[in-house]
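Listed below are the residues making up each chain.
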Amino acid sequence: MSNFFTDNEDLMFALDNLELEEVTALKEDDYKYAAEFPHAPVDFNDAIDNYRRVLTEIGDVTGERIEPRSRTVDAEGPHFEDGVVTYHPLTQANLRDLRNAGVMGVMLPHKYGGLNFPNTIYTMMTEMVSRADGSLQNLFGLQDISETIYEFGDEEQKDRYLPGFASGEYDGSMDLTEPDSGSDLQSVRLKATQDPKTGQWHLDGMKRFITNGCAKVHLVLARSEEGTSDGRGLSMFICESCPELVVRRIEDKMGIHGVATCELQYNHVPAQLCGQRKRGLTKYVMSLMNGARVAIAGQALGIAEAAYREARKYAAEREQFKQTIDKFPAIYDMLARMKVKTVAARTLLYHTTKVVDLRQGYTHIVEHAKDAAAIPQEARAAQKKYSKLAAVLTPMSKAYCTEIANQVAYDGIQIHGGTGFMRDFNAERYYRDARITNIYEGTTQLQVVAAIGGVIQRVLEPTYDELAALPYDGALDRMTSKLADMRTKLGEAVEFVKARKDSDYQNLMARALVEMEIYVLVGYLMTRDALKDRRREALAEKFVIDAEPEFEARRLLAMSGDNTTIDRHWEITEY
Amino acid sequence: MGYTILVFVKQVPDTQNITGEAMKPDGTVNRAALPAIFNPEDLNALELGLQLKERFGAKLIVGTMGPPNAAEVLRESLYRGADSTILLTDRAFAGADTLATSYALSKCAEKIGNFDLILCGRQAIDGDTAQVGPQLAEKLALPQIAYVEDVESLSKKKIRARRSIEGGYEVVEGPLPCLLTVVEANEPRPANAKNIMRRKKSMTRSELRKAHADANYTDAEMLVDEEEKLKAKGLWIEELSAADVGAEESRIGLKGSPTKVKQIESVVLRGADFKRIDPSEDGINALMHELIEDHTLG
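Protein sequences appear in the order of chains A and B.
Counting from 1, position 118 in the first sequence corresponds to residue 118 in this note's numbering; the numbering is continuous, with no gaps.
With positions in the second sequence counted from 1, the corresponding number in this note's numbering is that position plus 1000.
By construction, these hints were calculated from the structure, which means they are not laboratory data.
Please note: incorrect hints may appear among the correct ones.
To be verified - Under the rule of at most 30 Å between Cα atoms (straight-line distance), these lysine-lysine pairs were calculated in the DSSO-like manner:
1) B/1201 / A/216
2) A/388 / A/253
3) A/158 / A/482
4) A/32 / B/1231
5) B/1233 / A/111
6) B/1210 / A/111
7) B/1059 / A/111
8) A/542 / A/501
9) B/1201 / B/1229
10) A/384 / A/370
11) B/1262 / A/32
12) B/1201 / A/32
If you're wondering where the values come from, they're calculated on a predicted model, not measured in any experiment.
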């Protein structure tokens, strides 16, 4: 009997302590929906009670149903024949269970049949689904597509697609990557042409590495402006599966075996424009990707949780030298680090999702107001504030969660020793599944590019002011003085890098600076949480103790002013 | 909504996850030590009912007999898609064996009336008797199909069902109305999020009273008003007493239960030494002989 919500104290702590009052009131429009929709909450307590009940149900579905199927799904995967992808019967059972549980349109508004839950709660589900089966998240997580149609599609498109997404009748895919356009999406070539007589759009070209490319509904990034070669020539389109849209092959991957990753050929596929022309990449895909990045962070965290638990269990049972191996310092340190990293990642992730939810809430007020003059000044200010914060927190979360997931899964195998190398145990699967998370939806290197601006501008300073002002005592006080010191040093390092006015040097040191920022922020967040629950004090302490030398190493690097790598990397790699 | 289907379910102690002494010294089950759950095969019966609703159109009424907190399994049924629910509860029902239980349920079914099908789980994990379903059919003079895995077809006049038998299955047909007992042959669906959010507020009359007493409401009109509101929203769990269903006092509860528990024995299963049997004619013969002597065989 396992329930992936109720057996996870840290996740329940997050729900209890995030203080989601503002988020929920924004989402439910001050609980006005309750009059119209019988399931909509009447107040905050009702909403939180809904979240807890639904999370508990999904905890049961993931723990009792999905997890036991995951090994077979990984071993056997989907089937591809004659251009048709057929998911494994157990994957189909997983999707049926999630559909019956009514969680295929978690964030969609009530109006379209969704649950109208905040991103925070959706991410908690993401985490549990991924802990049960990393690959299933790639299907569950496609809800971001319907979110994008909701945000940018016209009324007709919303009515046409959203109820089907909410019920789980429709599935989606986001068709962005091409053989020659991976990280550099500005170079996308898939051609969109409009019939001058009918106004009908058609798509021609190739897409590659498309998760669930066999979907019914596709969001496609395509070049609608002939003669252009940059991001401003790209628009977003919606098309449906049809004979002109051919799945050429599915990839044979290292991990996330349960989901089909497709190569698609578009042979004059009829399509509709979604949103405005030329804003495909600059606005819509950026928004889609930001949502997807949070989801991938959740996926990575779920896999890390699974890997940690498996290692913890193994270490408590495995005896060597007449005692269980978790009694040895080298092992218990590894376990404690794995645990602290997982908790730290969760802390950062839900801090981020809350900000994302607030940004969405205020953006909705500002952009959907009937009368622009009636928008309260506070709403505008809040939108600006949370947009800025989300822009730095989202890539930081994605980078941190996916990198620690790899580290935890790696150590998970190490704790298992030779056993972990064998397919009989889950440890190797977690390792394989984790490996893609810091690559797709933007590599860690690209997350650094996205986050560094906010680090240089010291966007998080007001957050630190708030966190540093809390009434810490004892060990927590000692930790926060360390963190205050790190915060000062981070400011100095940023100034140092800025002062060199050398873009190569700044790009080279960006990762060090972003990671330093993560250590300071997460350190504060964990210390704050320890104030709420004293049993978390050791977790915070371990995090800060482990972070200190890591921070210092990066500080030395950033402050070195050394140009060897820039000047001589060629000599090194070519030797 | 062509058919009306009654599903009778039971709240049982979770015998898989025992958290203390399972039995009281007097030989009855210590319910306090065991978390209460939805009897597993009753979930299969409910699932079959939901599938029939999807396939043929039906109104699904779920009923249970039990203490007031058995309303929880009714809410669970609502979360999965039941249309309405009935709680048969009365102190006089307490201590019922299968005879008294099936009598009480038959009175409840008669009270509801106009149904096409009754579905029950094959058996409950607390008593493992598998008697209540068949007894209920007898008392209502209904044809019954026990050990049902699935329904192949349903028409206004008859039902064709697949029932599990040793080594396989058989397909049988019966006229409606009819009672089926259902085995663990389908996978019960999870609770639905939207149903949870809406129907968590479902209440029985006792629960409504309790909620209001706690809030210091004493005005009876207020209760009637609230009740009407809940009914209008589909959030009312009908609560029926022995008198409501016209059950004779002598036939329900402990009084109506001829079953007497003589003795309870705590059997602790332990792994014992193994015995090696020579894989030869002689070895097998010796084993057969031994088993016959033990009255294990023959």
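Quiz item: Going straight from one Cα to the other, do residue 388 of chain A and residue 253 of chain A come out at no more than 30 Å?
Solution: Distance ~36 Å between residue 388 of chain A and residue 253 of chain A Cα, so the pair is violated.
Exercise. Decide if the proposed pair is consistent with the structure: residue 1201 of chain B and residue 32 of chain A, CA atoms, cutoff 30 Å inclusive.
Key: Holds, because 18 Å separates the two Cα atoms, which is no more than 30 Å.
Self-check item: Straight-line alpha-carbon gap residue 1201 of chain B to residue 216 of chain A, limit 30 Å
Solution: This hinted pair is violated, its Cα atoms lying about 37 Å apart.
Self-check item: Pair hint outcome, residue 1233 of chain B versus residue 111 of chain A [Cα-Cα no greater than 30 Å]
Solution: Measuring from Cα to Cα gives roughly 19 Å; hence the hint holds.
Quiz item: Taking only the CA atoms, is the gap from residue 32 of chain A to residue 1231 of chain B under or equal to 30 Å?
Solution: 22 Å, holds
Quiz item: Under the criterion that the straight-line Cα-Cα distance not exceed 30 Å, is the pair residue 1262 of chain B, residue 32 of chain A satisfied?
Solution: 61 Å, violated
Quiz item: Under the criterion that the straight-line Cα-Cα distance not exceed 30 Å, is the pair residue 384 of chain A, residue 370 of chain A satisfied?
Solution: With Cα atoms ~20 Å apart, residue 384 of chain A and residue 370 of chain A stay inside 30 Å; holds.
Practice problem: Given the hint that residue 1059 of chain B pairs with residue 111 of chain A, test it: the Cα-Cα distance must not exceed 30 Å. | Solution: 26 Å, holds
Quiz item: Between residue 1210 of chain B and residue 111 of chain A, does the CA-CA distance stay at or below 30 Å?
Solution: Since the Cα atoms of residue 1210 of chain B and residue 111 of chain A sit roughly 35 Å apart, the hinted pair is violated (cutoff 30 Å).
Practice problem: For the pair we were handed, residue 542 of chain A and residue 501 of chain A, check the Cα-Cα distance against 30 Å. | Solution: The given pair, whose Cα atoms are some 37 Å apart, is violated under the 30 Å limit.
Practice problem: Would you mind confirming whether the straight-line C-alpha gap from residue 1201 of chain B to residue 1229 of chain B stays at or under 30 Å? | Solution: 12 Å, holds
Quiz item: Quick one, are residue 158 of chain A and residue 482 of chain A close enough, alpha carbons at most 30 Å?
Solution: Between residue 158 of chain A and residue 482 of chain A the Cα gap is close to 51 Å, so the pair fails against 30 Å, i.e. violated.
The structure shown violates the earlier hints numbered 1, 2, 3, 6, 8 and 11.
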